[in-house]
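**Student:** Read top to bottom, the protein sequences are chains F and P. Mind the numbering: the first sequence is residues 1 to 416 in our numbering, read in order. Mind the numbering: the second sequence is residues 1001 to 1091 in our numbering, read in order.
In short, the hints are calculated from the structure, not lab data. Possibly wrong hints are sitting among the right ones.
Here chain P is said to cover these stretches of chain F; the calculated rule only asks that three of the stretch's residues, wherever they fall, bring their Cβ under 8 Å from a Cβ of chain P [claimed, not checked]:
| no. | stretch |
| --- | --- |
| 1 | 232-243 |
| 2 | 247-259 |
| 3 | 294-301 |
For glycine and all other residues, C-beta sits at the position ideal for the given N, C-alpha and C.
Chain by chain, the residues:
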Amino acid sequence: MRYSIFSLAAQTLKGHRGWTPAWRDAAPKAEYDVLVIGGGGHGLATAYYLASQHGITNVAVIEKGYIGSGNVGRNTTIIRSNYLLPGNTPFYEWSLKLWEGLEQDINYNAMVSQRGVLNLYHSDPQRDAYARRGNAMRLAGVDAELLDREQVRAMVPFLNYRDGRFPIQGGLLQRRGGSVRHDAVAWGYARAADQRGVDIVQNCEVTGLTIEGGRITGVETTRGAIKARKVALAVAGNSSRLAGMAGMRLPIESHVLQAFVSEGVKPLIDNVVTYGAGHFYISQSDKGGLVFGGDIDGYNSYAQRGNLPVIEDVMESAMALWPGLGRIRMLRHWGGVMDMSMDGSPIIDHTPVQGLYLNAGWCYGGFKATPASGWCFAHLIARDEPHEVATAYRLDRFATGRLIDEKGAGAQPNLH
Amino acid sequence: MRITCPHCGARDVQEFTYLGDANPQRPEGMATTEAAMHDYVYQRDNPAGRHRELWYHGAGCHAWLVVTRDTRTHAIEAVDTANAIAKGDAA
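Excised from the complex, chain P in its bound form (with noise of 0.2 Å):
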């Protein structure tokens, strides 16, 4: 598996470590609920196809990326930087 870091090209997924699905959003703690906290931090959708998880380049350009990937073929749709996606401008 490869995966095309949008600053360094294409590159083995050695040099890349897994964090897990990128959806889930931290709730604000001390405004937010136990049930919403509890369901950020262990509850997954975990789907068979589509997959938006991060990626960190840590032998790369240390940038943190969001890939879009078949968890049923490990093809890889898309990847953008996560900053990118933070300010709204990913490709």
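One chain only, chain F, in its complex shape (with noise of 0.2 Å):
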């Protein structure tokens, strides 16, 4: 079924008793083309585009929970593309320009609201990075405005502009970053790669990969052995424990990132705002619900649930952001397993096991990648060769030297 104005008129007529589900809860046959592993954002993109863009569909995706259950349903629905260094930018850019036509490609309502993603600062020596940020932007063809400290009151009114020790100045403002429903996307792209053949397989763990003279022939899962000519590994969170299972170790370690959101309220802050003097970024979701976050907690960690000094942390960079937050209730709060890589980028490449491909170490910044990541994962796998804008995205870069480092911290996960 086509989802259209006139679809939903048909089915507003008849009482909205003739909707069919969205995609097949598929049972995993013997053997596919390409087995996806992970069900999340990425591996269903991967999925979609390997139909759309380059004709395979003996494809399926394979996902231990339901789709969705991960990081994917675990964010804060924020799309930028505002990244300094040469091996981001291009790859971010791409990913912002496929969530533009999005809705439109896969024919499901995502709820993508370019709505202005704003980066605060608060010092001269803050201004000047920002500033100089904001330029690699434009020279790679990305829209950046470098606002002062009135243009930010005229937008965001209501912060905190007495604050004497982290007075905001100004801000770096990416008009056509925004936000996006999260889940919607998982279900949207589900539905996309469903209708072009791809089954989509729930409930289904891998407990291991079937490597043969060093070619990956097919997984063992909780519901049998499937044959694949290809698999690729999309389970960010848990790339560790399935790259053990073909005897690799990789540069990541696992970290919680929490998240939260207040009651609903009407219409309070329009943008996405970021806090530059404390780890902290605020939006609104149509719903009212503030959605909000901060640093991850800092340890490995698999649990999907944080402590309380994270929390404690972040109401902290509320408050001195935005006192009037202390009036609104905070309604609940999560946590999501973050494949934290050694230079804070991703990894889509090849693996030393052929046939077997790799798409990890998105830290906490993967929903906003999940257009992208699966174009250029879908890319490589097709092709065997690396997507044009994915090419820094190397495994070996750590071994080569040719790290992504946006933030400078070095192999030490937790401060990226």
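With the hints as a guide, bring the two chains together.
**Tutor:** Below, the structure is given as structure tokens:
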């Protein structure tokens, strides 16, 4: 069924009793051309672009739980392409361009909202750093505007402009950035992939990788063995576990990142705003909840839940930036397990095992990357060569010294 | 999460700073290979389960601790000082 105003009107007249499931809950076949492990945003996008861009439709996405149960449903839904380094800028800009056309492409309302992402600066050196970043973005064809204090005040008048220690001096604005309804990204890609023949297999956990003579031939799962010519890992959070099944160690640590949502309130904040004197970012969902987050907890974790010190730290940042938030109650918070890589940048590459491909290391920036990650991973799998905007995301860059360290924090994942 | 420091007793995790996996041993720089140094600096086991890790008690006794913790539950199994482990007399 194609979704449109006409299908909505027709269903309304029938009392909404004619809607059919958006995708088939498939049982695994014995063999596929490509098996994508991980039914999150990146895995589903990979399967969709394999089918739509490369004509490879004998594909399954296998997911240990239900699709979208991992990080695609555990983020703060922000999209942007305000990166500094040459290895990152074209990739994230391609991702933003794909977001801009996504809903028409997959015929699904993902509520892509280009409401602008505003990064505040609080000192002269920080202004210089943001000016440099904005200039790098503009040189790469990405939109960026450096705002002064009064321009910021006109946009977001309710922030704390009287903070003597960290005064808001201005901000770097990317108007094309914004937010997207995150669950709809998983569901929309799943539906679009399914319509092109991709099998989406849920509750199917991989228990082993079958490797013969240095080449992958299939996987063992809780629903039996599945053969595949090519196997693609898109299991951020658990990349080390899956790679371990192939005898590999990765330059990755798993860390927990928490996020928060307040009770629903009337429209308060039109944009995505980030605090430059602490790690804090906030926007408002269409349902009215204020969605915000901060740092990772900072220690290895697979628990999908964090601890109180980070909650306190995030709330302190919130109050420092926007004292009025103190009147609003927090509704809930959650944690997701992040692939924190050694330079803060992702990996989309071959592995030493023939036919086994790796998509990992997204740190806590994977959501905005979802379309381009799927696009570039599908390109790599289909053609066995990296896509031109993802050539820097090599697994061997740590050995060759070609790191992409936006933050300059070094090989210390909890600092990225 | 609380860590029971061998010197200071049970303390809030906020008093400590995390470094990471305690298992990698730095190779002798002049004698080793590039590959071995790469493995030491960048590669991690990253287990889902028991993990030996280094914490620094910065708001307490300033000791480096080796904490054995389950990364799936955050439950702490053992805490020793790195000094005691280096001397081979950990509990």
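**Student:** Now tell me, hint by hint, if it's right for this structure.
**Tutor:** These are the hints, each one checked on the structure:
1. 232-243: Contact hint for the stretch 232-243 of chain F vs chain P: holds, 3 residues under 8 Å.
2. 247-259: This one holds; 6 residues, not fewer than the three required, reach chain P with a Cβ under 8 Å.
3. 294-301: With 4 residues in contact (Cβ-Cβ under 8 Å with chain P), the coverage given for the stretch 294-301 of chain F holds.
When each numbered hint is compared with the structure, no violation occurs for any of them.
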